[in-house]
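Got chain A sorted already, so can you dock chain B with the ligands onto it with the hints?
The lines below spell out each chain.
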Amino acid sequence: MKIDFRLNGAAIQVDCAADRRVIDLLREDLGLTGAKESCGAGECGSCAILVDGEGKLSCLMLAAQLEGREITTVEGLASEGRLHPLQEAFVEKGAVQCGFCTPGAVMASLDLLRRNPNPARAEIREGLAGNLCRCTGYQKIIDAVEAASKIMQRRERP
Amino acid sequence: MTQVLLPRALDELWDFLEEDPNTAVYSGGTDLLVNLRGGRINPSRLACLERIEEIRGVRDAGAAVFIGAATTHTHLLENSLVSSEFPVLTKAIRVLASPAIRNMGTIGGNIVNASPAGDTLPPLYALDAEVEIVSRKEAKRMPVSDFIVGPGRVRLGANEIVKGVWIRKAPEFNVRHFEKVGLRKSQACAVASLAAALSLSEGGKIERARLAWGSVGPTVVRSAEVEEALLGRELEIQMLAEVARLVERAVSPIDDVRASAQYRRIVAGRLLLRLAESGCKN
Ligand SMILES: Cc1cc2nc3c(=O)[nH]c(=O)nc-3n(C[C@H](O)[C@H](O)[C@H](O)COP(=O)(O)OP(=O)(O)OC[C@H]3O[C@@H](n4cnc5c(N)ncnc54)[C@H](O)[C@@H]3O)c2cc1C
Ligand code: FES
Ligand code: FES
Chain A
43 MKIDFRLNGA AIQVDCAADR RVIDLLREDL GLTGAKESCG AGECGSCAIL
93 VDGEGKLSCL MLAAQLEGRE ITTVEGLASE GRLHPLQEAF VEKGAVQCGF
143 CTPGAVMASL DLLRRNPNPA RAEIREGLAG NLCRCTGYQK IIDAVEAASK
193 IMQRRERP
Chain B
20 MTQVLLPRAL DELWDFLEED PNTAVYSGGT DLLVNLRGGR INPSRLACLE
70 RIEEIRGVRD AGAAVFIGAA TTHTHLLENS LVSSEFPVLT KAIRVLASPA
120 IRNMGTIGGN IVNASPAGDT LPPLYALDAE VEIVSRKEAK RMPVSDFIVG
170 PGRVRLGANE IVKGVWIRKA PEFNVRHFEK VGLRKSQACA VASLAAALSL
220 SEGGKIERAR LAWGSVGPTV VRSAEVEEAL LGRELEIQML AEVARLVERA
270 VSPIDDVRAS AQYRRIVAGR LLLRLAESGC KN
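Chains as they are written, first to last, in my numbering: chain A, 43 to 200; chain B, 20 to 301.
Keep in mind the hints are simulated off the structure, nothing from the lab. Note that CB positions come from ideal geometry on N, CA and C, so glycine has one too. Hints should not be assumed to be uniformly reliable.
Which residues of chain B face chain A? A few of them, derived with a C-beta cut under 8 Å, are [claimed, not checked]:
(1) Gln22
(2) Gly48
(3) Val53
(4) Arg56
(5) Leu65
(6) Ser117
(7) Ile120
(8) Leu202
(9) Ser205
(10) Gln206
If we strip away everything but chain A, and leave its shape as in the complex, we get (with noise of 0.2 Å):
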């Protein structure tokens, strides 16, 4: 099945089976190995990527999905060969360690701010409560989102 979406800012064209889960898709046929395939059963947050700016979780999506849509994954966020805030901030911080769990909290925490710019502690830990991380004990994740968001609205309001 020929399916047509915009990835990274790109348009593109795929074909392949219409069931194929989107996790396989951008990393065995795309290779697009940012997103990672932890728990595939939607528990863990590590595949997560943003379908038309939104958070979602590409073990639970099929290739017929992406039909029109937009998709963003970690690999679409750097520009002009520097990173984006929110990953300058996960390394600034040490919120990176095995950085297995990174893409996917990274994603999450886009959704997060786009939503709500300027969250309190508590609200980014509601906000990562889908992203697992077996390494850092969290605190260090959440010192780059507040980090991050402190950053990026000063970007926006200069």
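Just chain B with the ligands, lined up with the frame of chain A:
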């Protein structure tokens, strides 16, 4: 390969369903795709309902509100009509799964999945919601408590889908409460939950009471005996502790991986005590 259809209107969906009766419908896929991968279901085709405008969104119909089946939990959380008229529903959705699951999962999926732990169900029972069922030829409504007949079992015929739910506005209820007890704070399936809508008189007496418990029976539990026992009383802890004994008898929980039946029975009763806090505020 399973074919995946993307109907844009109900008329298109009816064609697909009539072509092949073994076509399964889904919206967010947060239950269906998990079951499909687990090999528990084996449909010949899938039809995704997420693009059918007719069954999405919230509509103010005067005395009642219509919520389309394919409306996501996130949409409902952010909808001001829902949070002002039915705060008990908003409270339940706020603790349903995680943000990403709420961005995908729908109220229609939660109803048809008919899990005793489905978080929108106790509020829908307490609000006496009605499910609208449609086919190509017919539209009908029935109380959610008639629609759901057991765990995962609903009264839905071949070539019928749920179009949405109707909830009557009920401004007379001035206490609206939801609490879920799970094994952890976030993304936890309910061990027991309670949705309550009460009206208190100016003197603080209970004039109307509707209560519904999740995860403590094959379907959501309501009890006329418990609701009657509350009438005319004030919301204070002693009285609630007495009525909690009736609750323990009204529920029929089971043992499972998350909790024992006995624990659930006790928690179901104790959930009532939290209502005392609403009594003080009034
Ligand atoms: C990790 C995880 C955590 C979860 N946590 C919770 C939780 O805390 N609380 C909770 O209540 N649920 C939870 N769920 C379950 C699920 O997310 C919800 O039940 C959700 O509302 C289902 O909606 P959906 O649109 O994704 O359903 P789908 O998977 O699309 O469909 C579910 C079922 O309903 C049928 N169906 C869907 N729409 C219609 C319709 N309009 N007409 C007829 N049939 C229809 C489908 O055929 C299928 O049988 C969780 C799921 C996951 C994966
Ligand atoms: S792999 Fe998708 S949520 Fe875990
Ligand atoms: S950094 Fe290792 S899982 Fe989060």
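Checklist entry - Measuring from the C-beta of glycine 48(B) to each C-beta in chain A, is the shortest one below 8 Å? => result 5 Å, holds
Item to check | Closest C-beta approach of serine 117(B) to chain A relative to 8 Å, hint status | outcome: With a minimum Cβ separation of about 2 Å from chain A (threshold 8 Å), the hint on serine 117(B) holds.
Item to check | Proposed interface contact between arginine 56(B) and chain A, which counts if any beta carbon pair is under 8 Å | outcome: Constraint on arginine 56(B) satisfied, holds at 7 Å.
Item to check | Interface hint for glutamine 206(B), Cβ within 8 Å of any Cβ on chain A | outcome: 5 Å, holds
Checklist entry - Does the interface hint hold: is isoleucine 120(B) within less than 8 Å of chain A, judged Cβ to Cβ? => result Interface hint status for isoleucine 120(B): holds (6 Å vs cutoff 8 Å).
Item to check | Hint check, valine 53(B) versus chain A [nearest Cβ-Cβ separation less than 8 Å] | outcome: 5 Å, holds
Checklist entry - Against chain A, is serine 205(B) within 8 Å by beta-carbon distance? => result It holds, given that the least Cβ distance between serine 205(B) and chain A is near 3 Å, below 8 Å.
Next on the checklist: Tell me if the interface restraint on leucine 65(B) is satisfied: Cβ within less than 8 Å of some Cβ in chain A.
Outcome noted: 7 Å, holds
Next on the checklist: Given leucine 202(B) as an interface hint, is its Cβ closer than 8 Å to any Cβ of chain A?
Outcome noted: 13 Å, violated
Checklist entry - Is the hint on glutamine 22(B) kept, meaning its closest Cβ partner in chain A is under 8 Å away? => result 6 Å, holds
Taken one by one, the earlier hints fail for this structure only at number 8.
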